[in-house]
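**Q** Sequence:
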Amino acid sequence: MLILNEAIGVGGVDVMIRSGALAAYGFRKGHVPGGEVAGTVTAVGDGVDPAWVGQRVWAFTGTGGGYVEQAIAPIGEVLTLPANLSAVDAVTLGSSGVVAHFGLAHAHFSPGETVLVRGAAGSIGIMTVQLAARGGASAVAVTTSSPERGRRLRELGATHVLDRSGAGRPDDPPGYDVIIDVVAGEDMPSLFDRLNPNGRLVVVGAVGGQPPADFGTRLMAAFQKSMSFATFSAATVAESARRAVRMEQFAAADRGELQTVVHEVLPLEHAVLAHQKMDAGEVFGRIVLTP
Numbered sequence: 001m002l003i004l005n006e007a008i009g010v011g012g013v014d015v016m017i018r019s020g021a022l023a024a025y026g027f028r029k030g031h032v033p034g035g036e037v038a039g040t041v042t043a044v045g046d047g048v049d050p051a052w053v054g055q056r057v058w059a060f061t062g063t064g065g066g067y068v069e070q071a072i073a074p075i076g077e078v079l080t081l082p083a084n085l086s087a088v089d090a091v092t093l094g095s096s097g098v099v100a101h102f103g104l105a106h107a108h109f110s111p112g113e114t115v116l117v118r119g120a121a122g123s124i125g126i127m128t129v130q131l132a133a134r135g136g137a138s139a140v141a142v143t144t145s146s147p148e149r150g151r152r153l154r155e156l157g158a159t160h161v162l163d164r165s166g167a168g169r170p171d172d173p174p175g176y177d178v179i180i181d182v183v184a185g186e187d188m189p190s191l192f193d194r195l196n197p198n199g200r201l202v203v204v205g206a207v208g209g210q211p212p213a214d215f216g217t218r219l220m221a222a223f224q225k226s227m228s229f230a231t232f233s234a235a236t237v238a239e240s241a242r243r244a245v246r247m248e249q250f251a252a253a254d255r256g257e258l259q260t261v262v263h264e265v266l267p268l269e270h271a272v273l274a275h276q277k278m279d280a281g282e283v284f285g286r287i288v289l290t291p
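Residues in the sequence shown are numbered consecutively from 1, following full-length UniProt numbering.
Everything hinted at is true.
Cβ-Cβ distance ranges computed for the label pairs, FRET-style: (1) 155 with 255: 12 to 22 Å; (2) 273 with 170: 34 to 44 Å; (3) 170 with 133: 20 to 30 Å; (4) 147 with 4: 40 to 50 Å; (5) 213 with 47: 43 to 53 Å; (6) 209 with 46: 35 to 45 Å; (7) 20 with 84: 36 to 46 Å.
What the hints contain is simulated information worked out from the structure, not anything from laboratory work.
In this text, a Cβ means the ideal position worked out from N, Cα and C, and glycines have one as well.
Model the full structure from these sequences, guided by the hints.
**A** Below is the structure:
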């Protein structure tokens, strides 16, 4: 399908690809970033129902190809948008909501458990906070860089606010049943110290870089706590399951039950500025580009 873009989501993976952090996976100079777009279908390929033409849609373009005026996406990764959901909101929710939903599922999160979200100020973290709260977590803690961000996260469902080092208040939970980590990086092993017995740590992003090569020794040192570590990528979820969750989340956002948080909307030609803001850690929510 050919889509005339109204909005393009700027994701953490775009920044990692541009920085060269994922060069080992084949990303080279000349790669066009952008994994999700929203707009109007202007043309379809052979064998595709022409009734798609003219429809407002969200689409996943893969690991790139989104930072353009007209994007191409496979029909299996295209969803019609609810009438009242804007293109900007769609690209703020489309990918992050799926990662948050299935990341919690991968951690076997259950109602009544305590959850810590590390890196909660980004779009994945914000959605994880909301879904954990809606899912009946007894506590939803977040790490963040400022009191203002903490206040905003409380409005979205967080019950405890920690600083980036994990320090908080005496009434914070002493440990967590589930930790969802969007950051990874050198400090990731310290999260094992915050897991309850039978706790689960799931890394859903690595905007902070790779963890130390020997991070498993911290886990083994607490062998008797029966803790678990896992990574999660939405690429391992069946297309039909991703589609179903996105449809439900778009409908929930349309009804006002899920909040999208847009940091800023910038013209497409300011994509460099968008990445500079991401690199500087200035972004709360998602930056969206518009052609």
